[in-house]
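What follows is each chain in one-letter form.
There are 2 protein chains.
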Amino acid sequence: MPNQSETNRYKIRRDKLRGIINSEEVDGLLVSTEKNVSYLTGFTGDSTWLLLTADSELLISDFRYVTQLEEECPGVDLYIRTSKTTLTEALVEKVAERGLKRLGIEGHSMTTEVFNVLDKALESVELASVCWKVEELRAVKDDHEIQEIREAVRLAEKGFAYLQAILTPQVTEQQLAYELEHAVRNFGGDELSFHPIIAVGDRSAMPHYRPGKLKIADSPILLVDWGAQTHSGYKSDLTRTMLTAAFPDPKFETVYRTVLEAQRLAIEAISPGVSCQKVDTVAREYIQNAGFGEYFDHGLGHGIGLDIHELPRFSQSSNAPLEAGMVVTVEPGIYLAGWGGVRIEDDVLVTECGCEVLSSVPKDWDSVRVSV
Amino acid sequence: MPNQSETNRYKIRRDKLRGIINSEEVDGLLVSTEKNVSYLTGFTGDSTWLLLTADSELLISDFRYVTQLEEECPGVDLYIRTSKTTLTEALVEKVAERGLKRLGIEGHSMTTEVFNVLDKALESVELASVCWKVEELRAVKDDHEIQEIREAVRLAEKGFAYLQAILTPQVTEQQLAYELEHAVRNFGGDELSFHPIIAVGDRSAMPHYRPGKLKIADSPILLVDWGAQTHSGYKSDLTRTMLTAAFPDPKFETVYRTVLEAQRLAIEAISPGVSCQKVDTVAREYIQNAGFGEYFDHGLGHGIGLDIHELPRFSQSSNAPLEAGMVVTVEPGIYLAGWGGVRIEDDVLVTECGCEVLSSVPKDWDSVRVSV
Numbered sequence: 527m528p529n530q531s532e533t534n535r536y537k538i539r540r541d542k543l544r545g546i547i548n549s550e551e552v553d554g555l556l557v558s559t560e561k562n563v564s565y566l567t568g569f570t571g572d573s574t575w576l577l578l579t580a581d582s583e584l585l586i587s588d589f590r591y592v593t594q595l596e597e598e599c600p601g602v603d604l605y606i607r608t609s610k611t612t613l614t615e616a617l618v619e620k621v622a623e624r625g626l627k628r629l630g631i632e633g634h635s636m637t638t639e640v641f642n643v644l645d646k647a648l649e650s651v652e653l654a655s656v657c658w659k660v661e662e663l664r665a666v667k668d669d670h671e672i673q674e675i676r677e678a679v680r681l682a683e684k685g686f687a688y689l690q691a692i693l694t695p696q697v698t699e700q701q702l703a704y705e706l707e708h709a710v711r712n713f714g715g716d717e718l719s720f721h722p723i724i725a726v727g728d729r730s731a732m733p734h735y736r737p738g739k740l741k742i743a744d745s746p747i748l749l750v751d752w753g754a755q756t757h758s759g760y761k762s763d764l765t766r767t768m769l770t771a772a773f774p775d776p777k778f779e780t781v782y783r784t785v786l787e788a789q790r791l792a793i794e795a796i797s798p799g800v801s802c803q804k805v806d807t808v809a810r811e812y813i814q815n816a817g818f819g820e821y822f823d824h825g826l827g828h829g830i831g832l833d834i835h836e837l838p839r840f841s842q843s844s845n846a847p848l849e850a851g852m853v854v855t856v857e858p859g860i861y862l863a864g865w866g867g868v869r870i871e872d873d874v875l876v877t878e879c880g881c882e883v884l885s886s887v888p889k890d891w892d893s894v895r896v897s898v
Numbered sequence: 527m528p529n530q531s532e533t534n535r536y537k538i539r540r541d542k543l544r545g546i547i548n549s550e551e552v553d554g555l556l557v558s559t560e561k562n563v564s565y566l567t568g569f570t571g572d573s574t575w576l577l578l579t580a581d582s583e584l585l586i587s588d589f590r591y592v593t594q595l596e597e598e599c600p601g602v603d604l605y606i607r608t609s610k611t612t613l614t615e616a617l618v619e620k621v622a623e624r625g626l627k628r629l630g631i632e633g634h635s636m637t638t639e640v641f642n643v644l645d646k647a648l649e650s651v652e653l654a655s656v657c658w659k660v661e662e663l664r665a666v667k668d669d670h671e672i673q674e675i676r677e678a679v680r681l682a683e684k685g686f687a688y689l690q691a692i693l694t695p696q697v698t699e700q701q702l703a704y705e706l707e708h709a710v711r712n713f714g715g716d717e718l719s720f721h722p723i724i725a726v727g728d729r730s731a732m733p734h735y736r737p738g739k740l741k742i743a744d745s746p747i748l749l750v751d752w753g754a755q756t757h758s759g760y761k762s763d764l765t766r767t768m769l770t771a772a773f774p775d776p777k778f779e780t781v782y783r784t785v786l787e788a789q790r791l792a793i794e795a796i797s798p799g800v801s802c803q804k805v806d807t808v809a810r811e812y813i814q815n816a817g818f819g820e821y822f823d824h825g826l827g828h829g830i831g832l833d834i835h836e837l838p839r840f841s842q843s844s845n846a847p848l849e850a851g852m853v854v855t856v857e858p859g860i861y862l863a864g865w866g867g868v869r870i871e872d873d874v875l876v877t878e879c880g881c882e883v884l885s886s887v888p889k890d891w892d893s894v895r896v897s898v
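From first to last, the protein sequence lines stand for chains A and B.
Going from the first sequence to our numbering is simple: count from 1 and add 526.
Going from the second sequence to our numbering is simple: count from 1 and add 526.
I should point out that these hints are in silico values taken from the structure, not numbers from a laboratory.
Check the hints yourself; a few may be wrong.
Each pair may be met inside one copy or between any two copies, as identical chains are not told apart.
Cut-off 27 angstroms, straight-line C-alpha distance, at most; resulting in silico cross-link-like pairs (BS3-like, lysine-lysine) [claimed, not checked]:
#1 K627 / K537
#2 K627 / K646
#3 K561 / K542
#4 K610 / K659
#5 K684 / K739
#6 K561 / K739
#7 K659 / K646
#8 K804 / K610
#9 K620 / K537
The task is simple: from the sequences and hints, build the whole structure.
Following this line, the structure appears as structure tokens:
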């Protein structure tokens, strides 16, 4: 059972959302995105929607979740449909009971098919797409969330130390991935926060590679992009690129130092009020000026929290200003297909007067060479 | 790199889909559901769409996946957008180039927001919701897929034997879940096919419980719902309910035998041409007649494959007939809140003349009591 302060936490979030609903000129909001329902109520299951109005809140679910809802969401009204009623039918009934005229829906996650069913069934109700509003709230973390993300970073770091300790020439990318997750769990985490990228040699140039059969001894380059998740669902996201043997190509050091300096400059630029585009530009221009611009074609980073990719986004198309309480990744990379890639990623909390780097795994050039 | 027979496999699937597109009177289909793209092309990444017409096929992706696409999908045309172009913008460009008049979209997975963007940008193109068509193809497995699911069942069974071997009075649900996944990986699997349900005591009455801090010694009832996933992404899904100590309440045996017989009767009813509703009814009526009808309020089962929940669905609202090559779960359950639950689940292949139960973990009453 949640304690009083936890129950209040969710109430505060719902009340903030009510303010936003008001300004969107809808008289109710259907929250159907799983993580948003969780953020607003504490419920950790699925297949459950939250119908929020100025003076009511209703969780619509089914019998599989009765006990869990009663335990996780005391004080929130429940409507438990039977298997004879679909979730959309149950919602239609409750919207009608409340006499809503204009209902906000989360168009960024609701499927076209569900929208069409609702639109037809709710003939006298106007459906208005109210996108990313809960995600905007989620972008700024409260104290509890920051504490959870700190713990997720700690778990990731302990897992990484373990991974380094078990490196041998014959261990494969896949084995390392499995042992890493097992270690994070033994240290008290729930799981890895995403499928880790553990890439040997030229595979490190594939930003979304999945661990395969390559062995550490197959190449000196080893890139590890990993994170841990706490039992409350909060995530960390880190990357380190290492050398597991001497690497005669001097280009590696150039690429590495370029990425590292780009990251340093970007982190230095992080402060409340600075636009996401600006931070992205700082790193991007540095890499461009070093002659590697075309080899860095993804955004510089993203928010983390209950999802591994949250708002804000560091990219050329995001003008959103940073706010204190946001937690973001900063992860420039240079990828040379067929040769290898370098990415360095840390998790950064935006503070009132600048930022705090939450992760502390060594990354200077002297720490790149690891023993196997 | 895929071999010739693998490349052909995907081509055969796309050609089948073309037949369906034809009958839907669209001159192209945008496949945007991740697993559907994978099923039709062999690509295992994300953020990638397939635009299929009668005489062309194009994968639209971004630079992160160039190498992977070239390796996994030889022979399929690629369009790699830069980060300056969104996925929807790239699609609009390619639809225009092809002069399509009526484009099918997967309305069951495309978000309302993406639909609205496409609808606006593709002014002269009619968008038609073509739902669940690839999923209908996926419901009937080819020989390769059946072989993969057999392997997923084998991995799950080996994992379960390991779990039984490490049962002790003090081990927690969570520790068992972690060790189970680690074992499945050691046996050659990719991961568990979903978050397992490992539930002690009255938690077994929560059909979607997640493993927590309860210990085996906390109650005699132990329910385990788990599955394994192969490296190709195919899944199994099994459930066993056990007694880890003597349980004086005779109701447990009644409930267990009722669920077991309901499952036996339902499996007996599985044959090509039989409707899903009919199979569901067989189990449901048996449980109702035994006096437990209100405690079994979920569908009897579902298809498995690349997703853990696929077509067909065993429920009262599904009239679809079974076809040879479908692989389904049969999982009746009786849940008594505050007391405990029993569910028994196996994976069943529909054959030309009946069915074959793919899983073989003991489940008769004599096997219920396990040593700890």
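Consistency of the hints with the structure:
1. For the homomeric pair K627 and K537, the shortest alpha-carbon distance inside one copy (25 angstroms) is at most 27 angstroms, but the shortest distance between copies (49 angstroms) is not.
2. In this homomeric assembly, K627 and K646 come within 27 angstroms of each other (Cα to Cα) both inside a single copy, at 14 angstroms, and across copies, at 26 angstroms.
3. Only within a single protomer do K561 and K542 lie at most 27 angstroms apart by alpha-carbon distance; the minimum there is 17 angstroms, versus 37 angstroms between protomers.
4. Taking the closest pair of Cα atoms, K610 and K659 come within 27 angstroms of each other only across two copies (25 angstroms); inside a single copy the shortest separation is 32 angstroms, beyond that limit.
5. In this assembly of identical chains, the alpha carbons of K684 and K739 lie at most 27 angstroms apart whether taken from the same copy (24 angstroms) or from different copies (22 angstroms).
6. In the homo-oligomer, the alpha carbons of K561 and K739 lie at most 27 angstroms apart only across protomers (23 angstroms), although the nearest pairing inside one protomer, at 34 angstroms, exceeds that limit.
7. For the homomeric pair K659 and K646, the shortest alpha-carbon distances inside one copy (25 angstroms) and between copies (22 angstroms) are both at most 27 angstroms.
8. Proximity of K804 and K610 under a CA criterion of 27 angstroms is satisfied inter-copy only: 16 angstroms between copies versus 53 angstroms inside one chain copy.
9. When the C-alpha separation of K620 and K537 is checked against a cutoff of 27 angstroms, the pair qualifies only within one copy, where the shortest distance is 21 angstroms, while the shortest distance between copies is 47 angstroms.
Against the hints set out earlier in the document, no violation occurs for any number.
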